[in-house]
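Enquirer: Chain by chain, the residues run as shown.
2 protein chains.
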Amino acid sequence: MREIYVGLIGLGTVGCGMIRILDDNRDLIEDRLGAKLTLKRIVDIDTTSERPVEFDRSILTPDVSAIMDDPEIEIVVELIGGYEPAKTFILEAIERGKHVVTANKALLAVHGPQIFDAAHKRKVSVQFEASVGGGIPLIKSIREGLAANRIGALYGILNGTSNYVLTRMTEEGATFEDALAEAQKKGYAEADPTFDVDGTDTAHKLAVTARLAYCSSLRYEEIYTEGITGIEPLDIQFASDFGYKVKLLAVSRDRGDSIEARVHPTMIPKDHVLASVSGAFNAVFITGDAVGDVMLYGLGAGMMAAGSAVVADLMDLARDNLSGVPQRVPLLTCRTAAISDRPVFPMDEIRTSYYIRFSAKDRPGVLSKISGILGSRNISISAVIQKGREIAGVVPIVMLTHEAREKDVREALKEIDTLDVVSPPTRLIRIESGDGPEGYWL
Amino acid sequence: MREIYVGLIGLGTVGCGMIRILDDNRDLIEDRLGAKLTLKRIVDIDTTSERPVEFDRSILTPDVSAIMDDPEIEIVVELIGGYEPAKTFILEAIERGKHVVTANKALLAVHGPQIFDAAHKRKVSVQFEASVGGGIPLIKSIREGLAANRIGALYGILNGTSNYVLTRMTEEGATFEDALAEAQKKGYAEADPTFDVDGTDTAHKLAVTARLAYCSSLRYEEIYTEGITGIEPLDIQFASDFGYKVKLLAVSRDRGDSIEARVHPTMIPKDHVLASVSGAFNAVFITGDAVGDVMLYGLGAGMMAAGSAVVADLMDLARDNLSGVPQRVPLLTCRTAAISDRPVFPMDEIRTSYYIRFSAKDRPGVLSKISGILGSRNISISAVIQKGREIAGVVPIVMLTHEAREKDVREALKEIDTLDVVSPPTRLIRIESGDGPEGYWL
Chain A
595 MREIYVGLIG LGTVGCGMIR ILDDNRDLIE DRLGAKLTLK RIVDIDTTSE RPVEFDRSIL
655 TPDVSAIMDD PEIEIVVELI GGYEPAKTFI LEAIERGKHV VTANKALLAV HGPQIFDAAH
715 KRKVSVQFEA SVGGGIPLIK SIREGLAANR IGALYGILNG TSNYVLTRMT EEGATFEDAL
775 AEAQKKGYAE ADPTFDVDGT DTAHKLAVTA RLAYCSSLRY EEIYTEGITG IEPLDIQFAS
835 DFGYKVKLLA VSRDRGDSIE ARVHPTMIPK DHVLASVSGA FNAVFITGDA VGDVMLYGLG
895 AGMMAAGSAV VADLMDLARD NLSGVPQRVP LLTCRTAAIS DRPVFPMDEI RTSYYIRFSA
955 KDRPGVLSKI SGILGSRNIS ISAVIQKGRE IAGVVPIVML THEAREKDVR EALKEIDTLD
1015 VVSPPTRLIR IESGDGPEGY WL
Chain B
595 MREIYVGLIG LGTVGCGMIR ILDDNRDLIE DRLGAKLTLK RIVDIDTTSE RPVEFDRSIL
655 TPDVSAIMDD PEIEIVVELI GGYEPAKTFI LEAIERGKHV VTANKALLAV HGPQIFDAAH
715 KRKVSVQFEA SVGGGIPLIK SIREGLAANR IGALYGILNG TSNYVLTRMT EEGATFEDAL
775 AEAQKKGYAE ADPTFDVDGT DTAHKLAVTA RLAYCSSLRY EEIYTEGITG IEPLDIQFAS
835 DFGYKVKLLA VSRDRGDSIE ARVHPTMIPK DHVLASVSGA FNAVFITGDA VGDVMLYGLG
895 AGMMAAGSAV VADLMDLARD NLSGVPQRVP LLTCRTAAIS DRPVFPMDEI RTSYYIRFSA
955 KDRPGVLSKI SGILGSRNIS ISAVIQKGRE IAGVVPIVML THEAREKDVR EALKEIDTLD
1015 VVSPPTRLIR IESGDGPEGY WL
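Protein chains in written order, with my numbering: chain A, 595 to 1036; chain B, 595 to 1036.
A couple of the hints might just be wrong.
Simulated restraints on C-beta separations [stated by the list, open to error]:
| # | chain 1 | residue 1 | chain 2 | residue 2 | range |
| --- | --- | --- | --- | --- | --- |
| 1 | B | Asp772 | A | Glu997 | 31 to 39 Å |
| 2 | A | Pro958 | B | Asp772 | 49 to 57 Å |
| 3 | B | Leu916 | A | His996 | 18 to 26 Å |
| 4 | B | Asp663 | A | Arg929 | 31 to 39 Å |
| 5 | A | Lys630 | B | Thr788 | 13 to 21 Å |
| 6 | B | Lys780 | A | Glu689 | 51 to 59 Å |
| 7 | B | Pro646 | A | Asp664 | 21 to 29 Å |
| 8 | A | Asp640 | B | Asp617 | 52 to 60 Å |
| 9 | B | Leu961 | A | Asp786 | 46 to 54 Å |
| 10 | B | Val919 | A | Gly691 | 50 to 58 Å |
| 11 | B | Asp663 | A | Asp664 | 22 to 30 Å |
| 12 | B | Glu766 | A | Asp617 | 47 to 55 Å |
| 13 | A | Glu815 | B | Thr788 | 52 to 60 Å |
| 14 | A | Glu689 | B | Val919 | 40 to 48 Å |
In silico DSS-like cross-links for lysine-lysine, where the CA-CA straight-line distance does not exceed 25 Å [stated by the list, open to error]:
| # | chain 1 | residue 1 | chain 2 | residue 2 |
| --- | --- | --- | --- | --- |
| 15 | B | Lys630 | A | Lys717 |
| 16 | A | Lys715 | B | Lys630 |
| 17 | B | Lys630 | A | Lys630 |
Below, a sample of chain A positions facing chain B; criterion: calculated Cβ distance under 8 Å [claimed, not checked]:
| # | residue |
| --- | --- |
| 18 | Gly892 |
| 19 | Ser917 |
| 20 | Ala977 |
Just so you know, the hints here were simulated from the structure itself, not pulled from any lab data.
Yeah, the Cβ is synthetic: ideal placement off N, Cα and C, and Gly gets one too.
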């Protein structure tokens, strides 16, 4: 049985997951692949700490040349994370004609074009199933399973920490701070969870995914990104009263000349299948012109889930190597010549519905002043709730709007926040619902 | 650009969907594939009827040899359905060295082993993504995306008609008959919906899917199959009171020496993500030893959704042909030698929880007689409801059991149904919940 040699750079959580799967499921992997996957070298600056898996310590070294200089190693797995030295190592591996597997969404979001360009020229593959949605076979589904489709829209719950926090706030009325502390205790959140809760991680993943879905060289920096730190239990309660759940959603649509791509807390109808994605789970909801609505759901992170995706990528590359056909599927779904350079649709021009919560001083004329300003900017109100007692001299007034233009809404809120009857900040949450053919999204 | 020629046998709904996708998305398919997919011949006994798509009438013929004898045609798509002549045509195409794409779950469930054996010997591929779950990239996910996993269990909502009927019964309190009539009016159900509602179609799909998931030559005839015809609105209402929804579920588990595989109406917790799969949608929930829980969701049928899967299969086969590597992934996920011949776990030995609804005559001692018989067979009761007034001289008594053995439950019910205080038939619905590590299923 042929043996395919693999080198691993970065022996952290996911690397240990990969090792455990290669060990535990060795027979099954060989039955499916018809070849052996052998981990020949591990490179990590930390060669002494205990790790949660058994492995041959003699293959662990801090010296990356042990992988780069070994011509037997056909595939390099990069699991360091971050920009450097990950980028340098990946580019060197490519230069040496080795295929690459990575889970590094931050690197791909920011430097993906350079990496894929290098791989394309050197005729090697870069696989990255573990970079988005953990073990969910999402990248493969977009590149192959849904390949016959023009993808119209893609919505994602892509950060398990944020989803866990929002779920706890929804189900138990927890505050953001308590829920986040709990997520950290359970090991879902990073030691520094900034990129989880501020939307950065979700935006990285959206960039990686949307490029494949729309055959576009989408620029990560153009994605509007807003996190969940400002969400209060009160907003979640009001959302529920209106029939919504609050999710940190990656939203993208093919708009022809541009790509809509944004990340922010979003209210979605409670009975939508995405609303049932709770806890640390991730999901991506895709609409294709042929397939209609599809959703893929699973754990978005973790040693074994991400390890599952890494090993699936290894098996894919091993099949390519066994058959002598690298880049069987184009790296970014489409031929390079067909990848378009469309800009991200300007956030100011987005049209959606809005949830707006004002902290109003309980004086006569508040409602008329607020609604007057909204009306003067063509923002029409679909529902109003004033509920609950005065706290610290203010009462919450919640308005839902019909579809309005983002720029108009922002300018209206800026003006409203200068009123002496309102106590800023006013809270704004976008709503996705109701305009697709099924009463949902298109 | 290289051209791959395709022959289509059977110009029905899905065939028309395939034609429309090949036409509408021609540019996109070429960008992704780097080759042209050209439909060269269509064979159908009906060469005159109007069809919902435009196509070149001159390529339509009733003579299947127009495809079989054409050496340029590398891939044959079989979309006739049923056993014959589909089987003969597929075997002939294989014999001639042509790859096959089919959506025929009934044929694969019953004659799959013969077909795959022939394809294996002739070194051609048989692809069947459209046979289960319409356009959901399910088969590809099991064979490739989740290839690193030992799959422990697979649960499926695999028949859109049944799910539509149960959803209408749940959401609107409709009767089975009215809901089915509505499904037929909407075009979800076949003219003869027998195989949809009696579980046969779901069992076909379970056989096809479970063989891949467990690398097993599972025998279709051994799958216990029960449909939804006996479900009454009353049962759905009681289920809801207990926190459950009723779904026609395909249930399978790897039990080591055997494979658990059964199809029947099943109560699942309302807040489980599978419970949110409503209307004509399908979903498969898979637990892998590495990936954890994964769910794939989408439309399980229809011209365009199934067409999406057929064209994805065509693109996959075209990539294999372009690279000269047939059977890149083993036809049934595993090498032939690794496929086990494990039997289906005996239904009598299944242990699960049960919902049992008795129609009791309102006389003293009914409860004690029923619970006495249950207790004597080691069936312990976790909840009892007696609710609602007497209709036609009987009142419904509902009991939920703790986990019990199927055989014991059946024998107890047989005995109970002979009591003069009970008016048969007693209704039994199995429950899936609560025994996995997450409070759900393992």
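Enquirer: Now look at each hint and say whether the structure bears it out.
Expert: These are the hints, each one checked on the structure:
Between Asp772(B) and Glu997(A), the C-beta spacing of about 36 Å keeps the proposed range 31 to 39 Å intact. Range check, Pro958(A) to Asp772(B): about 54 Å between beta-carbon atoms, so the 49 to 57 Å window is met. A hinted range of 18 to 26 Å is violated for the C-beta pair Leu916(B) and His996(A), which are about 51 Å apart. Between Asp663(B) and Arg929(A) the C-beta distance comes to about 34 Å, which sits within the given range of 31 to 39 Å.
The supplied range of 13 to 21 Å is broken by Lys630(A) and Thr788(B), whose beta-carbon atoms lie about 49 Å from each other. Taking 51 to 59 Å as the suggested C-beta distance range, the pair Lys780(B) and Glu689(A) conforms, at roughly 57 Å. Between Pro646(B) and Asp664(A) the CB atoms are about 58 Å apart, so this pair departs from the stated range of 21 to 29 Å. The given range of 52 to 60 Å is respected by Asp640(A) and Asp617(B), whose C-beta atoms sit roughly 57 Å from each other.
Separated by about 60 Å at the C-beta atoms, Leu961(B) and Asp786(A) break the suggested range of 46 to 54 Å. Our hint of 50 to 58 Å for Val919(B) and Gly691(A) is violated, since their Cβ atoms are close to 20 Å apart. A C-beta distance of roughly 52 Å is found between Asp663(B) and Asp664(A), which places it outside the suggested range of 22 to 30 Å. Roughly 52 Å separates the CB atoms of Glu766(B) and Asp617(A), a value that falls within the hinted 47 to 55 Å.
Evaluation of the 52 to 60 Å hint for Glu815(A) and Thr788(B) yields a pass: the beta carbon distance comes to about 57 Å. In this structure, Glu689(A) and Val919(B) break the distance hint of 40 to 48 Å, their C-beta atoms being roughly 27 Å apart. Our distance criterion of 25 Å between C-alpha atoms is met by Lys630(B) and Lys717(A), whose separation comes to about 22 Å. Distance restraint check for Lys715(A) and Lys630(B): the Cα-Cα separation of roughly 24 Å lies within the 25 Å cut-off, and the hinted pair is therefore satisfied.
The straight-line distance between the Cα atoms of Lys630(B) and Lys630(A) is roughly 35 Å, outside the 25 Å bound, and the hint therefore fails. Interface hint status for Gly892(A): upheld, as the beta-carbon distance to the closest one in chain B is roughly 4 Å, under 8 Å. Using the Cβ-Cβ criterion of 8 Å, the hint placing Ser917(A) at the interface with chain B is satisfied: the shortest such distance is roughly 4 Å. Interface restraint check for Ala977(A): the shortest CB-CB distance to chain B comes to about 24 Å, outside 8 Å, so the restraint is violated.
Hints 3, 5, 7, 9, 10, 11, 14, 17 and 20 from the list above are not met by this structure, while the remaining hints are.
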